[in-house]
Amino acid sequence: MAVEQADVEFVVHVIAQTAVDNEKYFGDLDSVVGDGDFGYSLARGFEIVLADWDTLDRTDAGTFLQKIATIITSRIGGTSGPIWGTAFLRAGGVAKKSETLDGTVIVEILTAAIEGVKARGGAEVGEKTLLDAVVPMRDTIAILVAQGAGDQVVLDAAATTARTSAEATSVLQARRGRASYTGERSIGSPDAGAIAVAVIVEQIAEQWRQRATASA
Amino acid sequence: MAVEQADVEFVVHVIAQTAVDNEKYFGDLDSVVGDGDFGYSLARGFEIVLADWDTLDRTDAGTFLQKIATIITSRIGGTSGPIWGTAFLRAGGVAKKSETLDGTVIVEILTAAIEGVKARGGAEVGEKTLLDAVVPMRDTIAILVAQGAGDQVVLDAAATTARTSAEATSVLQARRGRASYTGERSIGSPDAGAIAVAVIVEQIAEQWRQRATASA
Amino acid sequence: MKKFMNDPKQFVPQMLKGIALANPDTLKYVPEYNLIMRSDAPRHDKVSIVQGSGSGHEPAHVMTVGKGMLDGACPGDIFAAPPMDYVYETTKLLASDKGVLLLVNNYTGDKMAFEMAQELSEADGIMVRTLFINDDVAVQDSTWTVGRRGVAGNFFVMKAVGAAAEAGADLDEVVRIGEKVNAVTRTMGIALTACTPPAKGAPLFDLGDDEIEIGVGIHGEPGRRRAKMASADDIVDELLGAVVGDLPYTAGDRVALMINGLGGTPISELYLLYGIAHEKLAAQGITVTRSYVGEYCTSLEMAGASLTLVKLDEEIDGLLDAPAEIAYRVF
Amino acid sequence: MKKFMNDPKQFVPQMLKGIALANPDTLKYVPEYNLIMRSDAPRHDKVSIVQGSGSGHEPAHVMTVGKGMLDGACPGDIFAAPPMDYVYETTKLLASDKGVLLLVNNYTGDKMAFEMAQELSEADGIMVRTLFINDDVAVQDSTWTVGRRGVAGNFFVMKAVGAAAEAGADLDEVVRIGEKVNAVTRTMGIALTACTPPAKGAPLFDLGDDEIEIGVGIHGEPGRRRAKMASADDIVDELLGAVVGDLPYTAGDRVALMINGLGGTPISELYLLYGIAHEKLAAQGITVTRSYVGEYCTSLEMAGASLTLVKLDEEIDGLLDAPAEIAYRVF
Ligand SMILES: Nc1ncnc2c1ncn2[C@@H]1O[C@H](COP(=O)(O)OP(=O)(O)O)[C@@H](O)[C@H]1O
Ligand SMILES: Nc1ncnc2c1ncn2[C@@H]1O[C@H](COP(=O)(O)OP(=O)(O)O)[C@@H](O)[C@H]1O
Ligand SMILES: [Mg+2]
Ligand SMILES: [Mg+2]
Ligand SMILES: [Mg+2]
Ligand SMILES: [Mg+2]
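Chains as they are written, first to last, in this note's numbering: chain V, 1 to 216; chain B, 1001 to 1216; chain L, 2001 to 2331; chain Y, 3001 to 3331.
Chain V on its own, in the form it takes in the complex (with noise of 0.2 Å):
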């Protein structure tokens, strides 16, 4: 599997999307053990992003990577401008030193973003995050580019271990953000971030498949 930048563009106009399309999920998914703010804020800097869309700077998928993460981390506030800003940035920073956007450099991208998150808010999986959907998403990317698997594959399985992921984070209690507050309440209801993390996934994955079938 390989991607060019114009692919870039297609995830990053989906995970855009549909972050605004589910404001109110993910937000009331937030306020069962959490403030109910996540949604809203994701939609606040996406929507911007999608206003700009035609007006980003398209040098290289780095260049264009690296605009998102400054439009969220100065439109979105919570915890996930930090986080989802660092995430995009480290990104763009891995995209921007490869000469092509394999499946390794994929794998190497997400984990880049990964580290990224994991250094600014402390979080470490297991402690109910979305580290939790992302974390199982890229290993499974990982195997699956090592057996040189096609793209709608790994993307199929992506959202299936997102999903799932996700879903597991029913059980365990929230030791970061402001769900932790709520101790051993907070079990018993999935991540908010991982939930979000696994629906955008799937929506990739279904808009690649749509789009390749548009085109064939």
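Note that these hints are calculated values from the structure, not bench results.
Glycine included, every Cβ here is placed at the ideal spot set by N, Cα and C.
Since no wrong hints were added, every one of them can be taken at face value.
Where chain L lies over chain B, by a calculated footprint (3+ residues, C-beta under 8 Å):
| id | stretch |
| --- | --- |
| 1 | 1029-1043 |
| 2 | 1074-1080 |
| 3 | 1164-1178 |
| 4 | 1182-1190 |
In the BS3-like style, the derived pairs of lysine-lysine whose C-alpha atoms are separated by at most 30 Å in a straight line are:
| id | chain 1 | residue 1 | chain 2 | residue 2 |
| --- | --- | --- | --- | --- |
| 5 | L | K2002 | Y | K3280 |
| 6 | L | K2092 | B | K1067 |
| 7 | B | K1024 | L | K2009 |
| 8 | Y | K3002 | L | K2002 |
| 9 | Y | K3009 | L | K2228 |
| 10 | B | K1067 | B | K1118 |
| 11 | L | K2002 | Y | K3228 |
| 12 | Y | K3280 | L | K2009 |
| 13 | Y | K3017 | V | K24 |
| 14 | L | K2009 | L | K2028 |
| 15 | B | K1067 | L | K2009 |
| 16 | Y | K3017 | L | K2228 |
| 17 | L | K2092 | L | K2009 |
| 18 | V | K96 | V | K118 |
Following the hints, complete the assembly by docking chains B, L and Y with the ligands onto the known chain V.
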């Protein structure tokens, strides 16, 4: 018909007990278009009357009634304090000057109380206040007393008139008290003060009968 | 009903005790008459200013006792005018050589209690004047009604007479000032929810999830009419329409603008309303030069707000500028 | 949901505009960064004090900007830490020769935004320190959590560092004072109702008609546990038990006692709680010598209250006594 001081005390006791027993009901009536404090105000004053009952000055019926007026004036707030206080004060004034408490004097007492209330609050019949129950009741009593009717007959008729007149305040628009601020919206529910008068007079008639039966 | 309280009958006394404990140096509490008074009152070099009215409107009036404002407040129970005795005894306790001014929001119960107290106090040789405040434009004024209600605009009268008294004005002058400020002050309120008196335990009226009550009184009395919930812009238009048109306030006027919270509305929303009203007034050529945003006269925990305008001149500016030290404070 | 607003997205900007319009002489509003700042800032003879945090806690912190308190506040949207850029740009705008102190309530989002901003500002050559406030005893503190939350007690830190900065203290000294006050300040809150963020349009949690949430956070985060509604006496016992036992405060201590309203609770109930708490502390030999009753740090229109204690000494007394002039004012 003629009554003793003990009868006056009996009637006052029924008034006090009825006010305390109906705190919630009278308050609810007042909250339809008023501010809901009528039941509370009356109950707070008359529960002192009951608490101090045994130590009240009983030199004569007039002094007794004026002592009740003092308690009301010092304990009841809102519109009801001055209105009911003035009524008892004026009633006591007439009782003091009268040798006996025959039917004519009872009518005089009621009239003095009514005039006091009118002077104090500036209301006339037809403005949707307790006067709309008390004045017709006083008129009924006056007619029956002139006809030489017995006490129970007078009381039963007084209760009926008070009830009918109180219910009839429903069609009136309030021109006095807090209910008047709602203008036409005050039409359609009876005046709290008028209904309270009806409930109290019904209790007096009923308990007068029971007392007679018990002592017979 | 969920309220921080023990027994409804102890609601007012326990609140008053809290005020007294929080202000041990400046205030005195006389439980017999629900009286909160300046500990240095009466001061014979100034007219004493007394307010009564029901409880449930805090900070009005027990928390606005202090230098430059009230000398004492003797409220009744929740939404009930004080018993006449409270006012009479308070007047005697605060009788100053320069006299006593009784400030009364214009309601039947309050009017009677204060007039009776004035009569009795005058018989005792105390110099007493009574001043009625009636700023609420929601209520029609006519000869056969009890007249307009006194609502949040009473703050301006209280502040002005307080400043005048502190400066040593005599009773006639203090009354003149109070009447003058009352005459240029107009208010209208709007409720988003009803309120629940502790002793009643249930809301005073029912308001649907998308309904508001326009022209509501401060005792949970229903207002002019019920309407559908509307945007802040539309609500400000409604309130300004009623208030501006009443005096009327006209282009070229300088005004004080108050957005008063009724108890349950957060100050964020009050400032939001303030900004909108300020700009809409400017568009009509009416300049806001003094702003008041917060809770001045509430209805327990009712969500809602009232809008007050005061037409300013140099004299009123001076009185509103004068320092005051009251119990209701934040820092 | 019934709120005075036009569009949820304009809630915070329209509120900020109202604050600016109400305080034209003393405050400046920079819409790009939700910034309310002193119009005379930065003053190079004093350390600049900046607060961020989410909106919905008013008067914290946009209404506590002014002489003797904050130089600027750049809140995020309702309950959301400000985007990092707001803090960074604010720090640059308010950079004083004596440095900038960033006050941060200890939440993940705020912490990250302020730390990133500090890094960038320092790279620009600005002297910046960050001080975390974490007074909430409801939250367990341990190495694997994000630590305690900053809640209403932040007022005391803000007031103390504001006074120190105004008096000319250098950045190290201002930080020392802030840390000292934070170290002796403890708070716990209780909710009677949930609150409704404008953009969400529905309450953040469901609370039964007879239920309360003990140890609630100021963002509608559920608390330690849910309980049945109780008397004011019992509620004060619960709050005092948690707060007094934590530092602990002991017999012989002199303290400031704050009863903070969470937004929807009227001040009458707050004073009622105050009186009860004051007396219960006295019974334990703890003397309240400074009282704070009102709204300091709210959760939109949530009904509820928090109780804060600060252990006092002469230095802290002096700082809390110092004059301050803030936008949140009533008279
Ligand atoms: N320290 C952290 N590291 C990574 N992700 C986190 C961290 N804390 C919270 N999150 C994620 O952020 C989500 C909440 O985001 P948001 O609502 O913007 O934050 P806040 O708690 O500041 O309101 C959580 O569901 C979780 O997935
Ligand atoms: N001016 C008046 N004269 C006589 N009775 C009045 C007058 N105004 C009100 N009332 C009576 O008082 C009752 C309300 O009493 P209360 O609730 O104590 O007064 P408030 O309106 O001050 O809350 C009314 O139902 C009416 O019967
Ligand atoms: Mg959140
Ligand atoms: Mg009433
Ligand atoms: Mg009343
Ligand atoms: Mg948040």
